[in-house]
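As numbered in our numbering, residues 514 to 639 make up the sequence shown, in order.
Read the hints as simulated data drawn from the structure, not as lab findings.
Computed from a predicted model, the values in this text were never measured in an experiment.
Don't take each hint at face value.
Claimed, not checked - Restraint ranges, calculated between C-beta atoms of paired labels, are given here:
#1 Cys559 with Leu614: 18 to 26 angstroms
#2 Lys617 with Asn556: 16 to 24 angstroms
#3 Glu618 with Asp558: 27 to 35 angstroms
#4 Glu612 with Cys559: 17 to 25 angstroms
#5 Asp620 with Asn556: 28 to 36 angstroms
#6 Arg554 with Met619: 15 to 23 angstroms
#7 Arg591 with Asp560: 23 to 31 angstroms
#8 Asp560 with Arg610: 18 to 26 angstroms
#9 Asp558 with Ile613: 17 to 25 angstroms
#10 Asp620 with Gly561: 34 to 42 angstroms
#11 Arg609 with Ser578: 14 to 22 angstroms
To be verified - No more than 30 angstroms apart at the CA atoms, straight line, and that leaves these computed lysine-lysine pairs for DSS-like:
#12 Lys584 with Lys617
#13 Lys606 with Lys565
#14 Lys565 with Lys583
#15 Lys617 with Lys583
#16 Lys606 with Lys584
#17 Lys606 with Lys583
#18 Lys584 with Lys565
#19 Lys617 with Lys565
Beta carbons: idealized from backbone N, C-alpha and C, even for Gly.
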Amino acid sequence: MRGRDAHRSVGRSLGGGRCGSMSSCHPFLSLICQFYCMTMRMNIDCDGCYRKIRRALLQIQDLESHLIEKKQSRVSVRGVFIPQEIAIRIRQKTNRRVEILEIKEMDVSHEISSRTTVAQRPPQVN
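Produce the complete structure using the sequences and hints provided.
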């Protein structure tokens, strides 16, 4: 096996290596597959550019949400993914230069628990 076929067999033996969900990650790769919030700078000149970037982001299944700021030429994405891999995929799909400005590693358990505590909190009576 050489080239792509060798890479595919290695990926399958490690549990796929895809970061679609936390359960699909192999324990060895669990350090890489974490919840990230990444901000990128991309050239968004017109509505056509905006639509092209939006379409590319919607096709990437690893992303939980995205935000496109047209005036600031910034794109923010959130989800369980490898940041460099997502930037490369966006670059390939849109044929536009992608500059990573910021990568924040988020704690998924903290974020979920904070959402549930706010939702489960009983209303205060004065």
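These are the hints, each one checked on the structure:
1. Cys559 with Leu614: 18 to 26 angstroms: Between Cys559 and Leu614, where Cβ atoms are some 22 angstroms apart, the hint holds.
2. Lys617 with Asn556: 16 to 24 angstroms: Holds, at about 23 angstroms.
3. Glu618 with Asp558: 27 to 35 angstroms: 32 angstroms, holds
4. Glu612 with Cys559: 17 to 25 angstroms: Holds, at about 19 angstroms.
5. Asp620 with Asn556: 28 to 36 angstroms: 33 angstroms, holds
6. Arg554 with Met619: 15 to 23 angstroms: 20 angstroms, holds
7. Arg591 with Asp560: 23 to 31 angstroms: Once the Cβ atoms are compared, 24 angstroms apart, the range 23 to 31 angstroms for Asp560 and Arg591 holds.
8. Asp560 with Arg610: 18 to 26 angstroms: 19 angstroms, holds
9. Asp558 with Ile613: 17 to 25 angstroms: 20 angstroms, holds
10. Asp620 with Gly561: 34 to 42 angstroms: Holds, at about 38 angstroms.
11. Arg609 with Ser578: 14 to 22 angstroms: The hinted range 14 to 22 angstroms holds for Arg609 and Ser578, with Cβ atoms some 20 angstroms apart.
12. Lys584 with Lys617: 22 angstroms, holds
13. Lys606 with Lys565: Distance of about 9 angstroms is within 30 angstroms: holds.
14. Lys565 with Lys583: 12 angstroms, holds
15. Lys617 with Lys583: 21 angstroms, holds
16. Lys606 with Lys584: 22 angstroms, holds
17. Lys606 with Lys583: 18 angstroms, holds
18. Lys584 with Lys565: Judged against 30 angstroms, a Cα distance of about 16 angstroms means the pair holds.
19. Lys617 with Lys565: 25 angstroms, holds
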